[in-house]
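Put together the whole structure using the sequences plus the hints.
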Amino acid sequence: MAVFERLTRLKSTSRFLRYTTSLCPAHPCTATARIQQRRVHGGGSETPSAAPPRRPFSQVTPADLDFFTRLLPGRTITDPDVLESSNVDWLKSVKGSSEVLLRPKTTEEVSQILRYCNEWNLAVSPQGGNTGLVGGSVPVFDEIILSTALMNQVLTFDSISGILTCQAGCVLENLSQYLEERDFIMPLDLGAKGSCHIGGNVSTNAGGLRLLRYGSLRGTVLGLEVVLADGRVLDCLSTLRKDNTGYDLKQLFIGSEGTLGVVTAVSILCPRKPKSVNVAFLGCSSFENLLETFQICRGMLGEILSAFEFLDASCMSLLEEHLKLTNPITESPFYIVIETAGSTPAHDEEKLHNFLDTVMASALVIDGTVATEETKIKALWSMRERVTEALRHDGYTYKYDVSLPVEKIYDLVTDMRKRLGYRAKSVVGYGHVGDGNLHLNITSPMKDPALLAAIEPYVYEWTSGCQGSVSAEHGLGLKKRNYIYYSKSPEAVTLMGDIKAMLDPKGILNPYKTLPDSVR
Amino acid sequence: MAARVLVGVKRVIDYAVKIRVKPDNTGVVTDGVKHSMNPFCEIAVEEAVRLKEKKLVKEVVAVSCGPQQVQETIRTALAMGADRGIHVEVSGKDYDTLGPLQVSKILAALAKKEEASLVILGKQGTFASEVTIDGDKIKVIREIDGGLETIKINMPAVVTADLRLNTPRYATLPNIMKAKKKKIASVKPGELGVDLTSRLEVLRVEEPAQRQAGVKVETVEDLVGKLKEAGRI
Chain A
1 MAVFERLTRL KSTSRFLRYT TSLCPAHPCT ATARIQQRRV HGGGSETPSA
51 APPRRPFSQV TPADLDFFTR LLPGRTITDP DVLESSNVDW LKSVKGSSEV
101 LLRPKTTEEV SQILRYCNEW NLAVSPQGGN TGLVGGSVPV FDEIILSTAL
151 MNQVLTFDSI SGILTCQAGC VLENLSQYLE ERDFIMPLDL GAKGSCHIGG
201 NVSTNAGGLR LLRYGSLRGT VLGLEVVLAD GRVLDCLSTL RKDNTGYDLK
251 QLFIGSEGTL GVVTAVSILC PRKPKSVNVA FLGCSSFENL LETFQICRGM
301 LGEILSAFEF LDASCMSLLE EHLKLTNPIT ESPFYIVIET AGSTPAHDEE
351 KLHNFLDTVM ASALVIDGTV ATEETKIKAL WSMRERVTEA LRHDGYTYKY
401 DVSLPVEKIY DLVTDMRKRL GYRAKSVVGY GHVGDGNLHL NITSPMKDPA
451 LLAAIEPYVY EWTSGCQGSV SAEHGLGLKK RNYIYYSKSP EAVTLMGDIK
501 AMLDPKGILN PYKTLPDSVR
Chain B
1 MAARVLVGVK RVIDYAVKIR VKPDNTGVVT DGVKHSMNPF CEIAVEEAVR
51 LKEKKLVKEV VAVSCGPQQV QETIRTALAM GADRGIHVEV SGKDYDTLGP
101 LQVSKILAAL AKKEEASLVI LGKQGTFASE VTIDGDKIKV IREIDGGLET
151 IKINMPAVVT ADLRLNTPRY ATLPNIMKAK KKKIASVKPG ELGVDLTSRL
201 EVLRVEEPAQ RQAGVKVETV EDLVGKLKEA GRI
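Chains as they are written, first to last, in UniProt numbering: chain A, 1 to 520; chain B, 1 to 233.
Incorrect hints may have been included.
Said to hold, decoys possible - Stretch-level coverage of chain B by chain A, calculated; a stretch enters the list once three of its residues show a Cβ under 8 Å from a Cβ in chain A: (1) 12 to 23; (2) 50 to 64; (3) 174 to 183.
In case anyone wonders, no lab produced these hints; they're calculated from the structure. Just so you know, even glycine gets a beta-carbon here, dropped at the ideal spot from N, CA and C.
Printed below as a string of structure tokens:
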């Protein structure tokens with residue numbers, strides 16, 4: 001044990017020394033960064049992203065099962081085959097060993113479940129669509145899975161204000177279809193829309209493809225109904241645009257990843273469905289040209305711009321190789337997906353064509369195509385939305401979702417490629433460049449600890465060096481909980497721990513997630 | 001070598017849109033609804049452009065019948081590689097009652113006028129899945145119930161495109177720019193000697209009957225019971 005500790009300390013010191021010299025000279029080495037470096041290697045696990053030891057929660061007994069079966073007849077699942085898929089995350093990277101899956105239909109049932117679990121010290125893992133990418137949506141050990149799958153009712157929709165109230169288990173795509181029939185749309189859109197639940201989206205403060213235009217859930221969510229750890233129902237489900245009466249409690253739960261309460265209902269402000277949607281798919285020869293195109297785009301398209309996404313040539317190869325998609329334009333080092341949404345087709349098309357004329361004439365863009373028909377629009381969007389899927393086919397994926405200053409976004413990708421060389425199978429970059437959010441993904445034929453050691457914590461240090469966020473939109477979950485200090489100060493994290501202790505003193509809600517092991 | 005190919009392109013309600021019947025049952029709602037080129041016409045245009053790229057034909061002319069808006073559809077064909085367009089102006093009542101008979105007369109008149117050796121159209125006709133030009137004849141492989149049939153035909157000829165004929169290209173920006181400069185000539189059906197009066201009268205348009213929801217049963221006995229109830233066994 002002592003030898004091991006000495007070795008790790010030696011390793012951390014040498015890495016610390018390397019840190020001061022190997023990073024881009026543009027990154028100042030701050031004192032905080034040094035403290036962060038040391039704090040990460042605490043915990044009791046072999047790597048910061050692995051699971052900590054199981055905490056002393058109770059185990060499920062026949063008496064507990066009896067209670068659940070009486071409360072939720074036919075909806076207390078113990079069949080291991082059914083449990084299998086709920087125990088594994090979408091990336092197939094983490095697996096829990098829960099033996100009980102509960103499917104409540106009402107807030108009252110959720111309240112009773114949590115009251116019981118709190119009393120008997122049973123850990124609970126809330127689960128929506130199970131599409132999370134940081135291992136936050138599945139149990140780590142034998143936590144009881146609390147699924148929102150059957151809480152899928154729309155409660156109200158006001159077509160004048162555009163305010164939708166629904167249960168937390170509504171699938172995002174279903175809500176979109178419901179709204180589109182009424183001439184509205186959801187303010188957020190993501191690749192996982194066919195499976196993710198709105199409750200999960202809220203609990204992770206999901207960003208997505210439309211954030212550029214409609215803002216984040218922190219602005220569009222007007223109210224929440226949350227069940228707290230002890231079963232109390234917190235009704236903050238207001239449908240008011242403006243309400244400055246006291247502390248805004250819902251903001252605590254948005255993005256709390258199910259660790260402060262279980263979201264059971266959401267009221268959300270929905271924008272009108274745009275009459276005219278256009279998608280342009282463009283090719284750029286360099287990232288500088290891409291950024292300049294973005295500037296011009298902002299200037300010329302202005303208020304009709306609703307999305308600005310990018311993917312690199314490596315992403316395109318993966319889409320072609322694994323999903324047999326065809327590149328709509330000539331091969332380019334970078335590709336941009338631009339979406340415009342407005343109320344007057346002629347006006348939008350004129351603006352868009354003027355913009356395209358400008359960027360083509362100035363050779364910032366080497367090729368491109370435009371779509372106005374729904375099927376073509378979907379086809380162009382799928383080039384961006386299905387990259388995650390293509391990566392899954394490429395091998396074991398290491399995913400990094402970081403916020404960086406826009407000009408530095410691609411530097412991280414080129415840096416990682418140089419650093420990892422032949423050790424990695426693919427190193428790709430894509431994402432919400434308009435929001436300063438990069439999705440850096442690295443694949444290897446199978447899980448490779450040596451590769452992981454070359455990636456982490458280098459990638460986090462790099463991000464931290466630019467004052468970026470180590471998790472722009474995916475959250476911390478299980479995998480990134482211990483990296484929180486790269487983006488938040490110790491005082492902030494301590495306060496988070498205090499709030500957690502106040503709202504969930506027994507720590508039964510989604511344990512081992514979001515907050516670092518050192519806080520508890 | 002065949003000189004000119006005529007391609008018919010039709011502006012239709014985008015096939016991803018949900019079609020709704022007008023409240024008075026006289027037709028379907030088209031106002032404010034997204035329209036685009038019939039996907040089968042896209043395949044026809046793609047085939048014509050490929051023949052041109054293979055230097056088997058000299059010129060591709062895209063034709064559409066309808067009001068002012070069909071010019072957009074013709075522009076799309078031009079952006080895909082057609083050389084020029086012809087807009088046959090039909091609007092108002094005439095457009096509502098424009099049926100297959102009138103369109104075929106228009107296309108026949110145009111084919112003669114333009115001296116087109118080949119007319120390629122979207123589905124319903126001979127379902128071509130492969131087209132090649134061999135000297136002054138056209139070799140077509142078409143799908144029939146029993147499999148594939150290869151035929152050699154003289155020109156002028158009419159070929160219709162099946163889904164498997166090709167995958168239409170995306171119109172790329174340089175071509176979209178070029179298309180803006182290509183010509184679209186306007187012509188009236190009268191000038192082609194075609195009478196647009198329809199011999200058909202639409203009596204009523206209705207949605208297809210809603211599919212009834214199924215019933216879930218718990219046991220095999222239940223299933224047998226339900227089947228007996230419905231008089232099925």
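Hints, one by one, checked against the model:
no.	hint	result
1	12 to 23	holds (count 4)
2	50 to 64	violated (count 0)
3	174 to 183	holds (count 3)
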